[in-house]
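K.L.:
For this one, chain A is given, so just place chain B on it according to the hints.
Just so you know, the protein sequences line up as chains A and B, in that order. Everything in the first sequence is counted per the numbering used here, starting at 45 for the first residue and increasing by one. Everything in the second sequence is counted per the numbering used here, starting at 9 for the first residue and increasing by one.
Hints should not be assumed to be uniformly reliable.
Unchecked claim - Listed next, the stretches of chain B that the computed footprint assigns to chain A, with coverage defined by at least 3 CB atoms under 8 Å from CB atoms of chain A:
| no. | segment |
| --- | --- |
| 1 | 20-26 |
| 2 | 29-35 |
| 3 | 51-65 |
| 4 | 79-91 |
In case anyone wonders, no lab produced these hints; they're calculated from the structure. The structure presented is a predicted model; accordingly, all values stated were derived computationally and were not measured. All residues carry an ideal CB built from backbone N, CA and C; glycine is no exception.
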Amino acid sequence: MRINGKWKLCEDGVIRPVISGELLSGEGFWEAVEFLLDTGADRTVFSAAMLAKLGLSMLEPEEDISGLGGVTGSVQIETQLNLPREDRRPVIFTSRFTAVTDPGALDLCVLGRDILDLFAVIIDRPGNIVCLLSQKHRYAISQEQ
Amino acid sequence: MALPPIQITMEEITDPEETARFQVRWAQAERNSAWLEAHASDMYRNHRGKFIVVAGEELFIGDTAEEVLAQARAAHPEDHSSLIRYIYPKRMIRIYAHQREMEIM
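Isolated chain A (complex conformation) (with noise of 0.2 Å):
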C-alpha cells in the first residue's frame, strides 16, 4: 500500500510535508482535511477549526497534549479518518482521536505516529517524495558507486 502527501506551501510561505484525506463528520459527511505530517507528535491532533467543521460529540481526553507552549486544552472524538491510496482507494482508520479546542494551539492538523508507525515513512524533501508505505511496498537505500 502506498499512501501519496506533497510538500505543499502554506500561508506562511513554508513548505511542508502534507498528505490530504477526509474525516467522518457527525451528521455522517466525509470532510476533506489536509494534515502535516509530524513524526515527533506521538498522537495524531486535529485542529480546533476541524473540530468545529466535524460537529462530533466531545469526550473528556484520556491523556494531556502538550508541546513547546506546554499542556493545551484538548478533547477526544470517535470519527474515521480516510487517508486514500495512489489508486484512489480509501483507506479508512477508525479510532479515538484528540483534537485541540483553542484556535491558537494548531493551525494545521497533525498526523502523528499513532498512524505513522503502521507505515514505512517518507519525507524526503531533495527528491520531493512524501509517501507513507506499508504490505506490499517497500524502500531501499541505495549508494552510487
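P.N.:
Coordinates of chain B only, in the frame set by chain A:
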C-alpha cells in the same frame, strides 16, 4: 515509559460504488486545495488572525470557525471537500504540536 495503548483499526475499501463516490469528493478536494495553495501568500498577508474556508474554489473569511463554516455551507452546501484554516496572527517557526511565541526575529 510506554504511552497508553491506542486502538486503531485500518480497513481498505474495495467496494466500487463507495470508491466512485470518494473519487468525486476527492476531485473537488483537490481543486479546493490547489486554490488554497495558489493563493497561500494572499491568505497570510491579508487574513492574519482569521478563520478561512475554501469551498467551491471560493474564499470565505470569519472571526470564528462557526461563522466562516456557516458562510461557506450557505454558499456551497454540496461541497464537503472544503478546507478550513486558522491563519496565525504572527509569523512563527513551527516545531510540533502547539507552539506560540517562537517569532522569527
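K.L.:
Run every hint past the structure and note whether it holds.
P.N.:
Evaluated hints:
1. Taking a C-beta to C-beta cut-off of 8 Å, the segment 20-26 of chain B contributes 4 residues in contact with chain A, enough for the three needed, and the coverage statement holds.
2. Only when three residues or more bring their CB closer than 8 Å to a CB of chain A does the claim for the segment 29-35 of chain B stand; here the count is 4, and the claim holds.
3. Residue count for the segment 51-65 of chain B with a Cβ under 8 Å from a Cβ of chain A: 3. That meets the three needed, and the coverage hint holds.
4. Check on the segment 79-91 of chain B: 4 of its residues sit with their Cβ under 8 Å from a Cβ of chain A, so the three-residue criterion for coverage holds.
Every hint, counting from the list given before, is met by this structure.
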